[in-house]
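Starting from the given sequences, assemble the full structure and let the hints guide the process.
Counting along the sequence shown from 1, when you hit position 318 you're at 320 in our numbering, and nothing is skipped either side.
Hints listed in this document are in silico derivations from the structure and should not be mistaken for laboratory results.
Every residue, glycine too, gets a C-beta built ideally from N, C-alpha and C.
Hints should not be assumed to be uniformly reliable.
For lysine to aspartate or glutamate, the following DMTMM-like pairs were computed, each having C-alpha atoms within a straight-line distance of at most 20 Å [unchecked claim]:
1) K127 / D88
2) K245 / D310
3) K127 / D89
4) K255 / E285
5) K55 / E26
6) K59 / E85
7) K119 / E130
8) K127 / E96
9) K116 / E60
10) K119 / E85
If you anchor each label on the Cβ, the simulated ranges turn out as follows [as the list claims (entries may be wrong)]:
11) D164 / R95: 42 to 52 Å
12) D151 / K55: 26 to 36 Å
13) A156 / K55: 24 to 34 Å
14) K55 / L14: 34 to 44 Å
15) G208 / D89: 36 to 46 Å
16) F280 / D151: 16 to 26 Å
17) S234 / G178: 54 to 64 Å
18) G208 / F280: 16 to 26 Å
19) E241 / G158: 31 to 41 Å
20) T72 / G176: 29 to 39 Å
21) G158 / G315: 41 to 51 Å
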Amino acid sequence: MHATQYLSKKTLDRPPGVVVLYGEETHLKQQCLARLTEAVLGAGPDAAVGLVKFAGKETELKTVKAELQTVGMFVSSRLVVVEDADDFVTKYRELLEAYCLKPASRSVLVIECKSWKTNTRLAKKIVEMGLELDCGELAAGPLQKWITDFAAAAHGKQISRDSASLLVELAGTGLGQLSQELAKLASFVGDRPQIKPDDVRQLVGGWRAEETWTMTNAVRDGNSELALTCLSKLLHAGEAAPKILGGLIYVFKKFAIATEQSRRKTPLRDALREAGVFPRDIEISERYLKRLGRARADQLFSRLADADRDLKGGSRVPDRLQLERLLLWLSGQLG
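In structure tokens:
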């Protein structure tokens with residue numbers, strides 16, 4: 003089960019005797035542990051008394067088991083967490099399999115690790131009697147849903163698909179970082195119910211995002227001199243070439259999608275709208291594609307893919323020259 007599914011449950015059922023949290027998303031692990039703590043130990047101020055954590059690289063299984071089996075007058079249950087437990091699991095795999103057959107009746111063992119092999123006997127036993135929570139990175143669709151749900155649940159704000167997509171482009175896919183940015187955005191928009199793309203661009207992106215937008219607009223408008231000037235500023239400020247390319251792909255991929263849809267008899271304006279172009283930019287985007295011409299517009303997908311591959315090591319041409327050529331090609335001034 004992915005951790006987001008577990009966290010979306012409205013009721014707090016007591017977890018089984020063994021829980022595994024695995025993956026790279028620290029934010030999800032922290033949220034799951036908080037939920038598990040509340041489910042096992044309650045939400046009162048004394049709950050922390052029953053929470054015990056061990057460092058996996060320095061802990062022996064017998065110590066963990068002794069803690070799991072210890073209950074006292076003031077603590078009727080324990081939640082025992084083995085952190086960074088990859089080596090711990092490797093060392094005690096067979097003994098952990100045996101523990102799963104007869105876990106402590108009043109305590110819960112939480113194993114936190116980065117990687118988890120789901121085809122092992124231990125994993126299969128935990129599937130049968132315990133709980134596995136995948137705290138790995140979310141794919142594009144689920145990530146956008148998480149952003150939408152989190153904005154609504156935590157801050158009472160609506161966030162559009164375009165705003166969520168732009169947020170990921172500027173802040174990355176880490177849920178911890180995204181949750182911080184959403185909190186700032188919610189405060190920034192105040193009483194307004196919706197977080198708009200301009201809010202994201204202004205607050206999250208800073209001047210580099212504004213410069214990237216100026217650059218992409220200049221390309222679209224055929225002002226290659228301004229576009230190259232913006233590129234030079236971004237590179238001089240230390241902006242990474244792949245991130246600059248990411249901004250270009252974010253914008254021009256929409257034009258590529260609209261071009262493909264228009265081949266299927268969809269009116270170009272409707273195709274641009276369906277591709278996610280902002281309403282205020284529909285007219286000028288339509289003029290751009292008409293100026294670019296069908297033959298070149300049909301190559302947008304492949305040209306962006308080639309640029310991405312080349313910047314990731316597929317070409318020995320300097321990054322700056324690659325980006326300059328791409329800007330001129332996208333503006334229609336380079337064959």
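Now the hints, each set against the structure:
| no. | hint | in the structure |
| --- | --- | --- |
| 1 | K127 / D88 | holds, 17 Å |
| 2 | K245 / D310 | holds, 10 Å |
| 3 | K127 / D89 | holds, 19 Å |
| 4 | K255 / E285 | holds, 17 Å |
| 5 | K55 / E26 | holds, 19 Å |
| 6 | K59 / E85 | holds, 8 Å |
| 7 | K119 / E130 | holds, 15 Å |
| 8 | K127 / E96 | holds, 11 Å |
| 9 | K116 / E60 | holds, 17 Å |
| 10 | K119 / E85 | holds, 17 Å |
| 11 | D164 / R95: 42 to 52 Å | holds, 47 Å |
| 12 | D151 / K55: 26 to 36 Å | holds, 29 Å |
| 13 | A156 / K55: 24 to 34 Å | holds, 26 Å |
| 14 | K55 / L14: 34 to 44 Å | violated, 21 Å |
| 15 | G208 / D89: 36 to 46 Å | holds, 41 Å |
| 16 | F280 / D151: 16 to 26 Å | holds, 23 Å |
| 17 | S234 / G178: 54 to 64 Å | violated, 33 Å |
| 18 | G208 / F280: 16 to 26 Å | holds, 20 Å |
| 19 | E241 / G158: 31 to 41 Å | holds, 34 Å |
| 20 | T72 / G176: 29 to 39 Å | holds, 37 Å |
| 21 | G158 / G315: 41 to 51 Å | holds, 45 Å |
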